[in-house]
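Let the sequences and hints guide you as you build the complete structure.
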Amino acid sequence: MHKDTGSGSPSTPSGPTPRLRRRRGSNEVPPEADKANGSHLLVNDRNKYKSMLVRAYSTVWMIGGFTFIIYMGHLYIWAMVVVIQIFMAKELFSLLRKAHEDRRLPGFRLLNWHFFFTAMLFVYGRILSQRLVNTVTTDKVLYKIVGRFIKYHMVTCYFLYIAGFMWFILTLKKKMYKYQFSQYAWTHMILIVVFTQSSFTVANIFEGIFWFLLPASLIVINDIAAYIFGFFFGKTPLIKLSPRKTWEGFIGASVATMISAFLLANILGRFQWLTCPRKDLSTGWLQCDPGPLFKPETFAVPEWFPEWDFGDSIPGHGGMTDRMDCQMVMAVFAYIYHQSFVVPQSLSIEMIMDQILMNLTFEEQRALYTKLGQIVEERQFGES
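By the count of UniProt numbering, the sequence shown reaches residue 384 at its end, each step adding exactly one.
Check the hints yourself; a few may be wrong.
[What the hints assert, rightly or not] SDA-like mimics (lysine to any residue), calculated; alpha carbons at most 25 Å apart, straight line:
#1 175 with 165
#2 174 with 188
#3 279 with 350
#4 279 with 66
#5 144 with 120
#6 151 with 353
#7 371 with 359
#8 90 with 192
#9 140 with 153
#10 140 with 344
#11 50 with 242
#12 235 with 53
#13 144 with 126
#14 175 with 94
#15 151 with 356
#16 240 with 251
#17 173 with 111
#18 279 with 189
#19 279 with 333
#20 175 with 93
#21 279 with 72
#22 144 with 341
#23 151 with 169
#24 279 with 344
#25 279 with 341
#26 178 with 111
#27 279 with 337
#28 144 with 364
#29 90 with 189
#30 240 with 260
#31 90 with 124
#32 235 with 350
#33 140 with 163
If you are wondering where the hints come from, they were derived from the structure by calculation, not from laboratory data.
What follows is the structure, given as structure tokens:
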């Protein structure tokens, strides 16, 4: 029996309340199943057309700006690569720092940039030193200054790195060692994985804009084709790390990229100003005989990286790192391909002259000229 409380309200049982079971309709799907069936796919996104417009707008102005910089020439392309490297480093430096907002140390951010610009001075000094010499050969004073800089370039970069290492040691604090060393290691990983790889892009630029433009264009084509095929036909998720990527987008982008590789190589290889290497740092017009060019083919590589938050500096595309990660890998491949199959392996007159101008003093060059003249005269008399 239930006890009457006298309140006029119906009595409540003292035992546990029975749980009511509701039958699920035939059209209802569990959340897990819905997620597994591709709720994250772009084809099922209700706002996909709005995001497509934002992405298309960003793509148009990026391609327009890229085309204008290509038209301006080698130095401007190099400047664009440097700006992109700085933006990528900024995003990656902030990536780990976001997880430790309460552990910021005064001056530690400057230390990251010290190592970054030291690496930039070392790498670009090695890549562009000879072209810098070729640019200032007409000015004796400037030529001597540049010669001294090149001579002591490596030791300067070494002492800059040692200064940064001492700076890091002096900033160490108790109970913060793990965080500080993780930041130190993260900085060097950025320099190795990001900066070193992307620096191959600069080497490709001065070997001929063709070797920069073709790989970069193929990555852009691959990215756009994967988005379009996934937008309209994507039904099958590709991998769990990137739930929006689909097999339809991957296959469609692969075919589109391979076809574009043959067509673009044939078209771009016809323009002399794209295939000529730049031997100095001037902005003048190029004339050369680049020789026969191979037509490299490539294959599409999906972005197999976790969807980390690299920022949203490019509307509809995420951060700079999101757009440029594949460009770095492609730049390394293009450089290795060019050096292995295109550049002649034997010494040329230009290569020998570059070494003479860079490594010998004026007196040594004059002595070499005199000695070489004597050898040529002796051979001429011997043949006659």
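We went through each hint and held it up to the structure:
1. 175 with 165: With Cα atoms ~20 Å apart, residue 175 and residue 165 stay inside 25 Å; holds.
2. 174 with 188: holds, 22 Å
3. 279 with 350: holds, 10 Å
4. 279 with 66: holds, 23 Å
5. 144 with 120: Distance of about 23 Å is within 25 Å: holds.
6. 151 with 353: holds, 18 Å
7. 371 with 359: holds, 17 Å
8. 90 with 192: OK: residue 90 and residue 192 at ~15 Å, within 25 Å.
9. 140 with 153: Roughly 19 Å separates the two Cα atoms, so the pair holds.
10. 140 with 344: violated, 32 Å
11. 50 with 242: holds, 21 Å
12. 235 with 53: holds, 21 Å
13. 144 with 126: holds, 18 Å
14. 175 with 94: holds, 22 Å
15. 151 with 356: Roughly 14 Å separates the two Cα atoms, so the pair holds.
16. 240 with 251: holds, 17 Å
17. 173 with 111: Cα-Cα ~15 Å, so holds.
18. 279 with 189: violated, 32 Å
19. 279 with 333: holds, 22 Å
20. 175 with 93: holds, 22 Å
21. 279 with 72: holds, 17 Å
22. 144 with 341: violated, 36 Å
23. 151 with 169: violated, 29 Å
24. 279 with 344: Holds: residue 279 and residue 344 sit about 16 Å apart, inside 25 Å.
25. 279 with 341: Roughly 20 Å separates the two Cα atoms, so the pair holds.
26. 178 with 111: This hinted pair holds, its Cα atoms lying about 17 Å apart.
27. 279 with 337: Holds. Residue 279 to residue 337 sits at ~20 Å (cutoff 25 Å).
28. 144 with 364: The hint holds at about 15 Å.
29. 90 with 189: The given pair, whose Cα atoms are some 14 Å apart, holds under the 25 Å limit.
30. 240 with 260: With a Cα-Cα distance of about 29 Å, the restraint between residue 240 and residue 260 is violated, given a limit of 25 Å.
31. 90 with 124: Since the Cα atoms of residue 90 and residue 124 sit roughly 19 Å apart, the hinted pair holds (cutoff 25 Å).
32. 235 with 350: With Cα atoms ~56 Å apart, residue 235 and residue 350 exceed 25 Å; violated.
33. 140 with 163: violated, 33 Å
Violated hints, in rising order: 10, 18, 22, 23, 30, 32 and 33; the structure is consistent with all others.
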